[in-house]
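In order, the protein sequences belong to chains A and B.
Numbering follows our numbering, in which position 93 of the first sequence is assigned residue number 93; successive positions increment by one, without gaps.
Numbering follows our numbering, in which position 285 of the second sequence is assigned residue number 1285; successive positions increment by one, without gaps.
Hints were generated in silico from the structure; no laboratory data involved.
One should not assume that every hint holds.
What the hints assert, rightly or not - Computed cross-link-like contacts, SDA-like style, restricted to lysine to any residue with a CA-CA straight-line distance of at most 25 Å:
hint, chain 1, residue 1, chain 2, residue 2
1, B, Lys1090, A, Lys266
2, B, Lys1266, A, Pro346
3, B, Lys1261, A, Val265
4, B, Lys1090, B, Leu1263
5, A, Lys261, B, Cys1292
6, A, Lys266, B, Lys1290
7, B, Lys1266, A, Trp349
8, A, Lys248, B, Lys1290
9, B, Lys1090, A, Lys261
Protein chains: 2
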Amino acid sequence: MTRILSNEDIEQFLSIESCIEDLEQSYRDLHEGSAVTRQRSDTLVPTSGDRIYGLKTMDGIAPRMGMSAVRINSDIVSWPLIAGTRRRVKIPAAPNERYTGLVLVFSTETGEPLAIMPDGVIQRMRVGATSALGAKYMARESAKTVAVLGSGWQAGAQVMAICAVREITEVRCYSPNAERRAAFVAEMQGRVQATLVDCSSPEQAVRDAEIVLCATNAIEPVFLPQWTQPGQHLGSIKMSELAPAVLKEAHQVAVHLGHSKPLLVKAQGLEVPDHSAGLGWQMADAYDFKACPTLPQLVMGEVQGRSSDTDVTCFVNDLGLGLQFAVVAARCVTIANAENIGHQLPTDWFTEDVHP
Amino acid sequence: MTRILSNEDIEQFLSIESCIEDLEQSYRDLHEGSAVTRQRSDTLVPTSGDRIYGLKTMDGIAPRMGMSAVRINSDIVSWPLIAGTRRRVKIPAAPNERYTGLVLVFSTETGEPLAIMPDGVIQRMRVGATSALGAKYMARESAKTVAVLGSGWQAGAQVMAICAVREITEVRCYSPNAERRAAFVAEMQGRVQATLVDCSSPEQAVRDAEIVLCATNAIEPVFLPQWTQPGQHLGSIKMSELAPAVLKEAHQVAVHLGHSKPLLVKAQGLEVPDHSAGLGWQMADAYDFKACPTLPQLVMGEVQGRSSDTDVTCFVNDLGLGLQFAVVAARCVTIANAENIGHQLPTDWFTEDVHP
C-alpha cells in the first residue's frame, strides 16, 4: 500500500529531536558520499494577475534508511510591499485557499512509492533542525538565552529546535506585529520549558542574547551590525537576514551546504526579482558564502565552530536539500508504518506493468 | 478533486494524433520561450544485488494548456548481457513485479495537483510522436515503406506514429526473437492500415525501406553503414542505434533538443557504465550531436529537413523533456476531466494550509 499522510499526522508523531539526529547522520553520509542530493531547480512562467507560477523540485536518496524522496512545490507567487519591505509571498490559490507542496517517498530496494505527504511540517522541522545543528556546533555550550526575530511558522520550529541542543532558559521574541507576536509567545510557551518573553523592539530581544535566530520572510537584513555582541551565535534561514557587515566582522561564518544557486529555468522575458528564490540571493554578491565551511564539515569535525567564548559565529541556513526531505520523510514513513497512520491506497495505482 | 489515472485509462483515450499535434505546438512555444522545461536529472546509488537504484526526474510547464508536470522514475537497474549485447534493464521490483514511473500534473493558475498517473503509456506515445515529427520534417513526402528494428513496447508506438504522418503502406519488422517479432507483427496489424511484414533478418527489413526506425534497448549500433540507401530517412530513439559512420555520411542529422547530458548525481565510488542514461551517451564522443539542428528548429522552419529526394536524413530522438510529459499529460487530464475517467481523491490530501 502507498500511504497518504497529512501535516496533522506528521505534526503528531514527528519529534524535533529525531529530525536533528537523522539530519546529523545524513550530513555524515553525504560527506562520505553514500547519501546523495540533487540541486534544487526552480522553473518559472508568468501566470494571471502579475503572478508567477513556479515549479520547484529537489531530490535526495538516503540509502541508510532505504528510501529516496522528491519534494515538489507548485507555487503561485507575488512580491507585494508589506510594512515597507518587499516580500515574496506564496498565494494559497489551490481549492480551500491552500498551498501545494508535496514529498513523495520511494523505496531504494523495490523502487515503489511508499508514501505521499505534504511538505509543510517537514519543511518547518528540517529548517529548525538544520539551524539547531549549526548552533550545536557553533554556539557556546553554556548559552541559555535566545532571541528570535520573527513570529511565523518557521520561528516556532527554531524555538523548539534550539531548545533541543542547548539548555535554554529564556526565549525572547520580536516581530513587528504585536498581536501575532503575543499569540506566538503564548503558543510556544506551551511547547518548551524555557520562559518566553514578548519584546516590543528588536533591540530589547537581542541585547545580551547569547543566540539570535532570524526566522523571517524579509528579503532585507533584519539583524544589524550595531547589535552584535561578543560571544554571540547568530543564525539565519536566509542569506539576507544578517547584514553583510555582521557577516564580515564575525569570526566564523558557516553555511548549510554552500551549494550554488538553484537551477533557474524561466520563460523568455520573465522578470523575476534577483531574490526570486526567496533566500536573498542578492546577498551572495555582498558576501563570499562559497568560501565558508559547511555544516557537514562542522559535523565531521573538519572545522571548528568557534575558537573562544568571545567569538561571534554565524550560521546561514541557505538552501534546502532534497536529502533533508528524504531523511525526514523516511522517518515519517517508518513511524506511520509502525503505527498504521494515514490513508492507504493500492500501490498498483502508482506503479505500472509496462516498461517505462 | 485530484484524479488518479492508470495506463489502461490513458491507452483508451489518448490518440497518437493528438500527441503529435500537442508536441508540435509545444516546440513552437519552447522556441518562443513561453513553454519551459527543466533538464532531466539522474540521482544514483548502489542497492542490493549489484543493482543500482536511480531516481530520475524532469519538469516542464505548458502555459498554453495551463498545466505543469513532474515526471519521476524510481528505478532498480542492472546491466546484464542479453544475446551478446550489454543492455540496461529496469527490474520490476515493486509489488506484483511492477515498475515505478509517475507523472504529476499541476495547475499553473492555482498550483493544485490535478492528477497523478503512471508514465508508461505517455512515455511510449511521446517517444513515438517525437520520432514521427522528425520524420514529418525530414522524410520524403512520398515515403510508403517503413522498416522497424525492434519489436518491443517502443517499437509499437513508432509504427502507429509514423503511419500518422506519412501514407505508409508497408511496415517491415525485424528483431532477434522470432516469437516476439511474430506477436508484434500480429498485434500491430490490428492497429494500422499498412501491411505488417515479419522479416527474419535486418537486411531484409531495411532493403529499399524509405524510412527505417530503430526502437531497441541495445546500447550498440543496430543500423549499419552498408545498409544506407539514397533518399532514406533513419530514425533512432537512442544516440547509439545508428552507427557513427551512418551519421557522418548522412546529408542532414537532426536531434530532439540537443540538450546536454542529463545531470548525473551519484554516490561516491559508484561505477555506472558510461551509457548509464540508457541512451548510448558514449556515442556523444563519436559524433558531434551538439552541432546538429533541433526538432524545434525544424518545426519553426529555421532549417530544412532535406534538400533533395536522394538525401539521407537522420533524426536522433536523444532525450526526453519534462515539457513533453507536461503537454501529453495535460491532454490526458483534459480528456479525463471531460469524460470523468479514473479515481478521484480529495485535493486537500495533496495540498496544505500551512505556508511551506
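Here is what the structure says about each hint:
no. : hint                  : verdict
1   : Lys1090/B / Lys266/A  : 33 Å, violated
2   : Lys1266/B / Pro346/A  : 31 Å, violated
3   : Lys1261/B / Val265/A  : 16 Å, holds
4   : Lys1090/B / Leu1263/B : 20 Å, holds
5   : Lys261/A / Cys1292/B  : 30 Å, violated
6   : Lys266/A / Lys1290/B  : 22 Å, holds
7   : Lys1266/B / Trp349/A  : 29 Å, violated
8   : Lys248/A / Lys1290/B  : 44 Å, violated
9   : Lys1090/B / Lys261/A  : 33 Å, violated
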